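> Residue numbers (the numbering used here), protein chains in the order written: chain A, 53 to 202; chain B, 53 to 202.
Accuracy of the hints is not assured; some may be wrong.
The list cannot tell twin chains apart, which means a pair is met if one copy fits it or any two copies do.
What the hints assert, rightly or not - Heads up, simulated SDA-like pairs for lysine to any residue below, C-alpha to C-alpha not over 25 Å straight-line:
1) 100 x 160
2) 175 x 87
3) 100 x 199
4) 100 x 194
5) 100 x 191
6) 120 x 200
7) 100 x 175
8) 100 x 89
9) 100 x 200
10) 100 x 196
No wet-lab data here; the hints were simulated from the structure.
Quick caveat: nothing in here was measured; it's all calculated off a predicted structure.
Below, each chain spelled out in residue letters.
Number of protein chains: 2
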Amino acid sequence: MSYKTTLAPGMVLARGVGRCLSSLGFAPLTEFVPARGLRVDVIALGPKGEIWVIECKSSRSDFTSDQKWQGYLDWCDRFFWAVDPSFPTEILPGDAGLMLGDGYGAEILRMPEAAPLTAARRKAVTQGFARQAALRLARLHDPNVNLAEF
Amino acid sequence: MSYKTTLAPGMVLARGVGRCLSSLGFAPLTEFVPARGLRVDVIALGPKGEIWVIECKSSRSDFTSDQKWQGYLDWCDRFFWAVDPSFPTEILPGDAGLMLGDGYGAEILRMPEAAPLTAARRKAVTQGFARQAALRLARLHDPNVNLAEF
Chain A
53 MSYKTTLAPG
63 MVLARGVGRC
73 LSSLGFAPLT
83 EFVPARGLRV
93 DVIALGPKGE
103 IWVIECKSSR
113 SDFTSDQKWQ
123 GYLDWCDRFF
133 WAVDPSFPTE
143 ILPGDAGLML
153 GDGYGAEILR
163 MPEAAPLTAA
173 RRKAVTQGFA
183 RQAALRLARL
193 HDPNVNLAEF
Chain B
53 MSYKTTLAPG
63 MVLARGVGRC
73 LSSLGFAPLT
83 EFVPARGLRV
93 DVIALGPKGE
103 IWVIECKSSR
113 SDFTSDQKWQ
123 GYLDWCDRFF
133 WAVDPSFPTE
143 ILPGDAGLML
153 GDGYGAEILR
163 MPEAAPLTAA
173 RRKAVTQGFA
183 RQAALRLARL
193 HDPNVNLAEF
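Work out the full structure: start from the sequences and follow the hints.
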């Protein structure tokens, strides 16, 4: 059985994106909630505290139906789309970053300009990242750890 | 089969400690490496960014053989020992915190004075916490994420 039969298309791509990010020294976390009502596909924390957000889009309709992505820009230093080779990249805004990949890996085709977070926002995102990742890990080992992630 | 047959005594206690911490709003992470050569049993990140370290000691010899614990004080706002009811608590330094527990839970018997980290140290520990937790989680889902935790 292929893993593709058990993961949604966006999550297959997120796996390749995670490999790309870790090869660049970034620690990836999927399904991060930066604020109530927002959930990003992948957030990544770099070796110097850099914060990237990557939205994985499996199809044109997956992109056009996303009403929230501009809200993600406030929570990262750099924002990327990640798509597979069949995606019509011309419909994506040109100032965001672009990763091309599949379930096995990804590469950065366009590195966006950095728009650094304020120190206070960076601190809040890093703390939220740390707590959500640790709680998710703790719950895998012990379902009785029941503090809400957010 | 009891879980106690598959976990070392300190790790059994760490599970109860994790439950106690999460009930207080803290996200626990086991086996955190704050700096090369140091590894703490449990670190926890509070809702306001507070950083606690908890060392789990299963026996007198487990405590007396620990040459490194004073080095942990530099990496947290509050430091606790966690022991089970059979432990001779009179041998523990009285200015550290004390948790009493088992594999199912724990409670704080003595809350230590806070010795707040500097802002720079807190930032570094929080970033390290976030990266180590996320990488461990990512590797559970994908063994090909192979960035070193530290």
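> Look at each hint and say if it fits the structure.
Now the hints, each set against the structure:
no., hint, in the structure
1, 100 x 160, "within (19 Å within a copy, 35 Å between copies)"
2, 175 x 87, "both (14 Å within a copy, 20 Å between copies)"
3, 100 x 199, "between (29 Å within a copy, 15 Å between copies)"
4, 100 x 194, "between (31 Å within a copy, 24 Å between copies)"
5, 100 x 191, "between (28 Å within a copy, 21 Å between copies)"
6, 120 x 200, "within (23 Å within a copy, 33 Å between copies)"
7, 100 x 175, "both (13 Å within a copy, 11 Å between copies)"
8, 100 x 89, "between (28 Å within a copy, 21 Å between copies)"
9, 100 x 200, "between (28 Å within a copy, 15 Å between copies)"
10, 100 x 196, "between (34 Å within a copy, 23 Å between copies)"
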